[in-house]
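Undergrad: Chains as they are written, first to last, in numbering that gives the first Met the number 0: chain U, 0 to 293; chain H, 0 to 94.
These aren't lab readings, by the way, just hints derived from the structure by calculation. A portion of the hints provided could be inaccurate.
Partial chain H-side listing against chain U, Cβ under 8 Å, derived [stated by the list, open to error]:
hint, residue
1, Val13
2, Arg15
3, Val17
4, Gly18
5, Glu20
6, Ile22
7, Val24
8, Leu26
9, Ser27
10, Asn29
11, Thr38
The following residues of chain U were derived to be distant from chain H, with all beta-carbon distances above 12 Å [stated by the list, open to error]:
hint, residue
12, Phe5
13, Glu36
14, Asp92
15, Leu137
16, Ile180
17, Tyr203
18, Val281
The C-beta atom is built at its ideal place from N, Cα and C for all residues, glycine as well.
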Amino acid sequence: MMDKAFRKSVLIADFLIELRSEIPFELEEGYDLFLSEDNKREADVKIDCFAGIPDAAFQNGDLVFEAENEDQKYYSIYRIGKDLGFVIYNQQDQSIQQIATLDASFSHWKVYSKVTDTNALLPLKYPLGPIVMHYMTLLSDAVMMHASCAFDGKDARIFTGFSGAGKSTMSKIWSEAQNQIVNDDRLIVRKQNETYYVYNTPMYYVDRPKKAPLSAVYLISHSPVNIMQKLNGALAVTRMMAFSIQNNFDTQYIQVRLNFFSTLCSSIPVYALGFVPDQSVVKFVLTNEAGETN
Amino acid sequence: MEIKELQQLKTKFVTREVGNELILVPLSQNVAQMSELFTMNETARFIWENSAETNSIDDMVPLMTDNFNIDQETAKKDIALFLDKLESLFAKKVS
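When you get a sec, could you build the whole thing from the sequences and use the hints?
TA: If you want it as structure tokens, here you go:
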């Protein structure tokens with residue numbers, strides 16, 4: 000490995016990511032407060048950054064996964080031997096924004112991106128940043144989820160559900176009830192020393208890193224009255240896993256996720272919660288949680 | 000759907016036992032199916048897990064009658080219902 004002149008490290012969910020480049024590079028502003036000066040610890044993930052998009056990348060690879068919807072493509076994944084290759088598309092014009100490879104250990108990326116107008120690289124430009132974080136979670140007992148999380152200083156509660164279920168609404172309600180919002184969109188849940196912690200991740204805006212111990216998971220939906228029901232076993236696992244970020248083209252990845260959620264759901268309570276979008280849901284949740292533990 | 004098609008379909012799922020239930024997660028090449036996870040009840044799970052030992056619905060019937068307190072006609076109907084349900088849910092999606 001050649002010695003790269005430009006280096007930065009970021010600490011996300013206690014994973015240390017080191018980026019190295021021969022030319023200057025920048026990170027989106029959401030990474031600003033996640034920058035780390037820790038140079039004693041070996042990085043969990045190393046990213047070598049290169050200028051320019053290679054022509055005809057992955058011609059000999061097998062296309063294994065495509066993240067797209069009716070409106071646009073986000074990324075395509077190829078299998079090249081034991082490694083993975085990623086083609087990342089620009090969200091404005093759908094041109095190729097980055098080409099990246101990830102080795103079989105999930106710990107070493109090579110990212111090729113265009114030089115910006117300021118003569119620098121932007122290697123983790125969305126959506127590659129969250130993709131790197133997703134594959135990073137496979138290194139440990141961790142998952143990335145679409146969810147919001149409120150922390151009252153003792154307990155962190157995750158609220159997850161389909162788009163429009165009320166994750167941001169819940170954040171606002173719990174924030175008004177003096178809770179700290181870890182994030183209202185994307186979280187990493189990681190098990191460390193037998194405790195599950197919730198972490199925020201860099202977003203498109205600046206926020207400081209947060210970490211809180213997970214106490215309960217709520218699968219939310221709007222309802223004319225506040226109502227909650229504890230879910231157990233396979234139902235809790237499948238409902239929660241449905242809201243995690245997954246690339247399910249590989250048996251091993253799915254098995255790792257199933258193991259994670261099966262273990263989590265055996266120690267953290269999971270509830271289906273229909274809620275009225277006002278402060279009444281806070282008292283309702285706290286009262287019913289207390290009833291569960293009594 | 001026939002039993003042999005079920006054997007082929009099984010290779011496109013990852014399963015895990017949680018409590019007494021079996022969770023099925025389809026291997027997927029796109030994001031559309033990632034929220035489609037399934038659980039199986041006792042009868043469905045029995046057919047799923049024993050399909051490798053059989054070549055047809057008729058082969059499966061005695062296994063069913065031996066393990067559940069049902070007659071041959073009921074067993075045959077349960078197996079056919081299960082296979083029809085699988086076909087409607089998965090046959091096109093994971094092909």
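Undergrad: Take the hints in turn and mark each one as holding or not.
TA: We went through each hint and held it up to the structure:
1. The interface hint given for Val13 of chain H holds, since its Cβ lies 4 Å from the closest Cβ of chain U, which is under the 8 Å cut-off.
2. For Arg15 of chain H, the suggested interface contact is upheld, since its CB lies about 4 Å from the closest CB of chain U, less than 8 Å.
3. Taking 8 Å as the C-beta contact cut-off toward chain U, the hint placing Val17 of chain H at the interface holds, the least distance being around 4 Å.
4. Satisfaction of the interface hint for Gly18 of chain H is found here, the shortest Cβ-Cβ separation to chain U being roughly 4 Å, below the 8 Å cut-off.
5. Because the closest C-beta pair between Glu20 of chain H and chain U is about 4 Å apart, less than 8 Å, the hint holds.
6. Of the supplied interface hints, the one on Ile22 of chain H holds, with its beta-carbon coming within about 5 Å of a beta-carbon of chain U, less than 8 Å.
7. The interface hint given for Val24 of chain H is met, as the beta carbon of that residue sits about 5 Å from the closest beta carbon of chain U, less than 8 Å.
8. The interface hint given for Leu26 of chain H is met, as the beta carbon of that residue sits about 6 Å from the closest beta carbon of chain U, less than 8 Å.
9. Interface restraint check: Ser27 of chain H against chain U, minimum CB-CB distance 4 Å, threshold 8 Å, status holds.
10. Taking 8 Å as the C-beta cut-off, the interface hint given for Asn29 of chain H holds, the closest approach to chain U being about 5 Å.
11. For Thr38 of chain H, the interface hint holds, since its Cβ comes within 8 Å of a Cβ in chain U; the closest pair sits about 4 Å apart.
12. For Phe5 of chain U, the shortest C-beta to C-beta distance to chain H comes to about 34 Å, beyond the 12 Å cut-off, and the non-interface label holds.
13. At roughly 37 Å, the least C-beta separation between Glu36 of chain U and chain H is larger than 12 Å, which holds for a residue marked as non-interface.
14. At roughly 21 Å, the least C-beta separation between Asp92 of chain U and chain H is larger than 12 Å, which holds for a residue marked as non-interface.
15. For Leu137 of chain U, the non-interface assignment is confirmed: its Cβ lies about 15 Å from the closest Cβ of chain H, beyond the 12 Å cut-off.
16. Separation of Ile180 of chain U from chain H is adequate, the least Cβ-Cβ distance of about 24 Å exceeding the 12 Å criterion.
17. For Tyr203 of chain U, the requirement that its beta carbon stay farther than 12 Å from each beta carbon of chain H is met, with the minimum near 20 Å.
18. The Cβ of Val281 of chain U sits about 28 Å from the closest Cβ of chain H, beyond the 12 Å cut-off, so the non-interface label holds.
In this structure, every one of the numbered hints holds.
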